[in-house]
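Participant: Below, each chain spelled out in residue letters.
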Amino acid sequence: MKDMDDSAITRNGNSLILAYDHGTEHGPVDFEPMPKSADPRHVFEVSQHDAVTALALQKGNAEYYRNWQENTGNEGAPLLLKINGNSSLPKREDYYSPKQCSVQYAVEELDADAIGYTMYAGSIHEDEMWKDFREVQEEARKYDVPVVMWSYPRGKGIEENPDYSGQKDPEVVAYGARLGLELGADMVKCKYPGNQEDWERLESQVAELKTVMSGGSKRSDRAFLQDVHDTIEVSGNGLAVGRNIFQREEPGELLDKLEKVIFEGKTVDEAM
Amino acid sequence: MKDMDDSAITRNGNSLILAYDHGTEHGPVDFEPMPKSADPRHVFEVSQHDAVTALALQKGNAEYYRNWQENTGNEGAPLLLKINGNSSLPKREDYYSPKQCSVQYAVEELDADAIGYTMYAGSIHEDEMWKDFREVQEEARKYDVPVVMWSYPRGKGIEENPDYSGQKDPEVVAYGARLGLELGADMVKCKYPGNQEDWERLESQVAELKTVMSGGSKRSDRAFLQDVHDTIEVSGNGLAVGRNIFQREEPGELLDKLEKVIFEGKTVDEAM
Amino acid sequence: MKDMDDSAITRNGNSLILAYDHGTEHGPVDFEPMPKSADPRHVFEVSQHDAVTALALQKGNAEYYRNWQENTGNEGAPLLLKINGNSSLPKREDYYSPKQCSVQYAVEELDADAIGYTMYAGSIHEDEMWKDFREVQEEARKYDVPVVMWSYPRGKGIEENPDYSGQKDPEVVAYGARLGLELGADMVKCKYPGNQEDWERLESQVAELKTVMSGGSKRSDRAFLQDVHDTIEVSGNGLAVGRNIFQREEPGELLDKLEKVIFEGKTVDEAM
Amino acid sequence: MKDMDDSAITRNGNSLILAYDHGTEHGPVDFEPMPKSADPRHVFEVSQHDAVTALALQKGNAEYYRNWQENTGNEGAPLLLKINGNSSLPKREDYYSPKQCSVQYAVEELDADAIGYTMYAGSIHEDEMWKDFREVQEEARKYDVPVVMWSYPRGKGIEENPDYSGQKDPEVVAYGARLGLELGADMVKCKYPGNQEDWERLESQVAELKTVMSGGSKRSDRAFLQDVHDTIEVSGNGLAVGRNIFQREEPGELLDKLEKVIFEGKTVDEAM
Amino acid sequence: MKDMDDSAITRNGNSLILAYDHGTEHGPVDFEPMPKSADPRHVFEVSQHDAVTALALQKGNAEYYRNWQENTGNEGAPLLLKINGNSSLPKREDYYSPKQCSVQYAVEELDADAIGYTMYAGSIHEDEMWKDFREVQEEARKYDVPVVMWSYPRGKGIEENPDYSGQKDPEVVAYGARLGLELGADMVKCKYPGNQEDWERLESQVAELKTVMSGGSKRSDRAFLQDVHDTIEVSGNGLAVGRNIFQREEPGELLDKLEKVIFEGKTVDEAM
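Protein chains in written order, with the working numbering: chain A, 564 to 835; chain B, 564 to 835; chain C, 564 to 835; chain D, 564 to 835; chain E, 564 to 835.
Bound conformation, chain A alone (with noise of 0.2 angstroms):
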C-alpha cells in the first residue's frame, strides 16, 4: 500500500474518479441518453473541473486523449489506465476481465497516472485473475504508479452461495475490499452496500487503505450526495462516477457540490 496522499490522483486524500469505460463495457446503448457523450472529447472537457481528480479510461481512448490535450492545449485530468476490461457481447461462462494494455505501454507511453484493474472475485475464473493482478500490481510498483482495484465480486460464487444477497451484499463487498488490501491495490473501487453502516464494516477491513464508492442507482442528487458523504464520515475516500455526471447538460453544477462534499468536508446540506 502507497502512501496515497501525495498522489497525482487525490486532493486532500480523496479522489473522485470520472469513469468514462462504458463504451468498452455496454457499447452505444449506454450513450443512447445524451448522444453526444459517446464523442470522447466531451468527456475530456468534463474532466477539467476541478473536482476530478482522475479520469478512467481504456487504451484506445487514452491515446485519443493524450492528442486531444497536445493539441487543444487544454490540461484535463490525471490519467487512470483502466488495464483490463471486456464487451457484455459473448456469453462467458463466468466473469472474466482480459487484459487490454500492459503496464509498461500505459506507463511509458501514455504516462499514465494510476493503474485501474477490474478483479471479479467469485467468479470462476478469479484464480486467473488473481495472476494477471500480481503481474499488474508488481509492475506498476516498479513504474511507482499507483494501482486502483475495481473490486466487484460477482458470478457464480456468489449468486449460487446462499449465504449472500447478491453483488451488494455487505459481507460480499467488505471481502472484495479486504482483498484489495491483501492483494496490495492502494485504492479500491466498490458497490456502495445501501447504507453507512454496512460501509463502515467495509473500512473496518481495510485499515488505512483509501476507499472509494462506485455509482449505484439513480436517486436524487440530494440523496446520493448523502451517500457520498455518508461513506467519507467513516472513512470513505469519495467517488468514481460515469453517466450521472457526464451525461447532464451541466456537469459543473453537480461536481461543484461533490468537490465540497469530498474534498472539503461540507455536508450535504453546506454543498447543495
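Don't read these hints as lab results, they were simulated from the structure.
Identical chains share a label here; the pair holds if one copy fits it or two copies do between them.
In silico DSSO-like cross-links for lysine-lysine, where the CA-CA straight-line distance does not exceed 30 angstroms: (1) Lys-565 to Lys-705; (2) Lys-565 to Lys-599; (3) Lys-705 to Lys-694; (4) Lys-654 to Lys-694; (5) Lys-823 to Lys-731; (6) Lys-565 to Lys-829; (7) Lys-719 to Lys-654; (8) Lys-829 to Lys-781; (9) Lys-731 to Lys-829; (10) Lys-654 to Lys-731; (11) Lys-823 to Lys-781; (12) Lys-599 to Lys-781.
From a predicted model like this one, the values you see are computed outputs, not experimental measurements.
Guided by the hints, dock chains B, C, D and E onto chain A, whose structure is given.
Facilitator: Showing chains B, C, D and E alone in chain A's frame:
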C-alpha cells in the same frame, strides 16, 4: 489513435483496401468464378491502380509480393499485412482467428505499411482475442505502423442474443466499431449495415477514428458505388473490397469510379 | 533442504509462525470474534513478542508491514511472505491457490526472510501446483531464502479415496510432509493428525526436514500446549498459529508459554 | 516463399524426399515387412543414392545420422528435420502434432538443411497448429533454411463435412496446398488425389510454390512412376516416399528410375 | 544419441540405476516393509556400492544428497536427477508427470551427472509431455548431460486399445523404446516384457541406444538375475531397481551378483 492522414495507406484521408485473403479464409472455391484470380500475381498487378491505397495479404503472399516487386520492378500498393486469419476447414466451438505472423516479422522482414487484425467480439474466444490484440497493437505502436481492425462481431454471443438480428444489426456493427476505438485501433473495417443512417450511427460512436466499409452482397455497380458514397458522406473513410474487384475482367473501370467517389468527393453520377 | 538452524525464522532450531492470511482465505468473517483483529497493525504489534520467529503475510499486508515498521520504528518479527493464496468466494472444480506475489518482488522489494507456498496435493490441480512450486523453489534458492510449504493434501483425490479418512488421515498427512522433502522445501507446515504417534510417523518420512504443526481445533490452553509439546518431543519443530493468538485479549500470556515449550525444552507443567 | 531452386534439398528444381519417421508415427509395426528397416543406419545408407535430395528425420534419428556421417565418413543426403510429429498410441480428441525439436536446435546443433512441419488443417487443433507454425516459419527465416509443410487436412472438420469425400478430396487437397502458400511455406507435401487433373487443380492454387506428392497406395512400379510423372508434367516438383523405397531389397533400382522421371525429364517408358 | 560409453552413469557400457523416487510416486506406504528405507540417508549409503552407476532422485532428495556427501565426505553414486514425477494422490484424467526441477537447476546447482524424464506415451497428455521433453532434452544437450527416458506407455490409449494386452505388451514396450530413440534420449528405461525374445524385439527397434530394464514383479534372486542376464545377452544395458535393493537387510549381496552379471559378463550360475 494515430493521425492516419499522413499514413501510407490513406489518400486525402480515405482508403481503398484491396483484400486478398480468400485463399486462407475460404480456400480455392472463392477463385472458381475466375480461375486466374487464384494466382496472387494477378492481384498484385491489379493493386497497382492508383485507387488502391493498401493491399491486404497474409504472410505467405506478402513474402511473395515483396519478391514479385523486386523481380518485376513494379511498385504495387502499400502492404497491409493481415496478422491473423483462419481457414474454414475445422469446426470451431466459436469464432477465433489465430496469429500467423508476428508484428516484428511483418515490419522488420516484410516492411509492412500497416497491420490488420480480425476481432470476433461476441465469440466465446473474444477475451483471448483481446489479449492477442493487445500485444499486436502495442508492438505496432513500437514500430510506428498503423493498425486496422477487421471488427466483425459474431458467434454465439450475437446469434443467441434475441436483442440482435445478426452480424449486420446496427447496434452490433456500431458496438464493434466502438471497440476499435476503445482498444486502440487506427482504422476499423466494418460490415455495411445496409443504409446510410445506420452507418451514421456507427460513426457517432468512434469520434475521429477512420472507418472503411466492408464489401457486402452482390449488387449493381451503381448501387455499390452509392453505398460507398453514402458512407463517405457521413464521415466514412472508404472501402475494403476483394472479389468484386479482382475477379472482374477489367477491374480498372470500377476502380476509376471508386477513386472518384472515395478520394475526389464525387457523387455517383459524376463518377459513372 | 537448507540448514535452517541459521535461518532468520528459527530459534534454537524451532519456529513459531504467526499466520495472518485469514482476510484472504476466509474474509471478514474470521475477524468477527475480535473486530480489532481485522486491522493488520494489531497483529503486527502482537508479532513483536520474542516467541514469534516469523509473521506470515500476503503481499498487500507485507507492504503495509514494512511501512509500519519504518513509520513506527518497531522491529517486528521476520517476514514470511506467502506467495500464493486464494479466497473462499469462487466455486472451484477442485483446490487451487494462485500466486499473488513473485519471489523476486518478495525478496527484492519486501526483503522477505522466507517464502511460503501452499500445496494442495490430491487436488486435480496438483500437477499445475508442482510446476508453480518448482519455479518458486528455484527462484528462492537463487535469492537464498528458505521455503516453507503449507503441505495440505485435500480435494477429490483425498475425499473420494476410500482408503483415506480425510485430510487428517495419518497416511495423508505423512505423504504430504514427504512431498515437502521430495520437492525441495526447507520446512513443512502440516495438519496435526491428532496424536503423538501419528506425528512421529510423519517425522519418520522427512529425515531432517523442519516441521511445524498447524493450529487445530479449539481446545484448552493446556491441551493445546500438550499437542505442541508432543510434536516437539518427537522431532517436531514448532507451530504455526493464527487466531488462537491474535484474537486473545492478552496474547502475550500464551506466547510466553509457547516460548518455553518450543524454544526452551520445557514440559507443559513447567510452562504453565 | 523462398527461391528453392538454389536450395540444398532440390536438384534441377525438384525434390525426392526420403521420409523416415515411421518409428514415431506408427511404431515398430511399420518395420515388420523388412525388419532391418527398423535400424536407422540401413536407411541412412539408402539415402546416399543421388536421387535422394533430402532425408526427413525426427530429432533423435537426426542426431544419430550426424554421428553416423561423422563416424563412417559417408556424406548421405541433405537433412530435412521434422520439427513436429506424434505417436499413434494416445486417443486424441482430434489430430495434433506437437513440436519435438526447436528450429534453433535443428539448425544450430544439427545443421539441418531444411525444416519440416505437419499441418493438420481441419482438426479442432488447427488454430493451435497455426500458432506453432508461425513461430517455426519465422525462426526458419531467421536462419535462412527452407520450410516444407506436410499439408494434410484431416480430422472432424473434414470427416464430418458432407461436402468432402475425405482426405483425398481434390478440394481438400488443393485447400491444404493453398494454406502452404498463404502461411509462408517454401514447399508443400500433399496427398496425391489420384489423377493428374486434380493435381493440376492443386497446382493452380499455389503459383510458384514447390509441391511434392506423398506416397500413395501400393501399386506397380510402373503405375507409381506414372503418377509421379503425371504430377511433374503439370508443374509438380517431385515426391516424398518412405517404405516403398527403404523396404525394398534393392532400393537403388527404383531410385534410378525415379531419378530419371523427377530430375531428368524422362517419360516412364524412358525410365523403365 | 550421445556416446554413453564415456558417461558417468555407465561402466563397461552398462548401467545399474538405483531409483529412489518412491516417496514421491507412492508415498510412505512403499517404505513400510522396511521403515528405515524412508530415510534417504539409508539409500545414499547403499548407493556407494560399486555396482551402482547412478542414483535417481527427485530434486529435494538430490539437494539432501549433495549436503550429505559434503557433510560425511562420502562419494556416493553419480546423480541422476529425475526432472519430473508425480504423486499418487490426485485423480487425473489420464497419466501425466509434471516437471519439479529445471535442467538448469539440476546441472548448475546440483551438478547432476544425468537427467531422467518419465514419458507416458498413450496418455491423452502425451503430446504435452513431448513438448516438455523437447525442452528438457535440448537444455540437457546444452549442458552436455545425458538424458534417460523412463519410457512407460500407459493410459487410455493403451488400456482401451483392443490390440494391446496392457503396459507390458511387447508391441507397446517396443514402441515406447523406439520413441526414446526418435525423441533424442540417450538411454531408455523400459518395463521388462517378461521374456528374452520380447526384449530382443525391443532392442531391434533402437539400434545402438542404451536400454535398461525396469524392476518387475517379486521373484527369487536367481529368477531376477536370470531376467537381467537375458536382457544383457541380447544387447540390453542393465537395470533400474529400487526396493528390491534398498529394502534388503544386506543389499550388498545382491548388488555383488548384479555387478557380475551386468558389468563383468558373468552368467547367473557364475554370479550366484
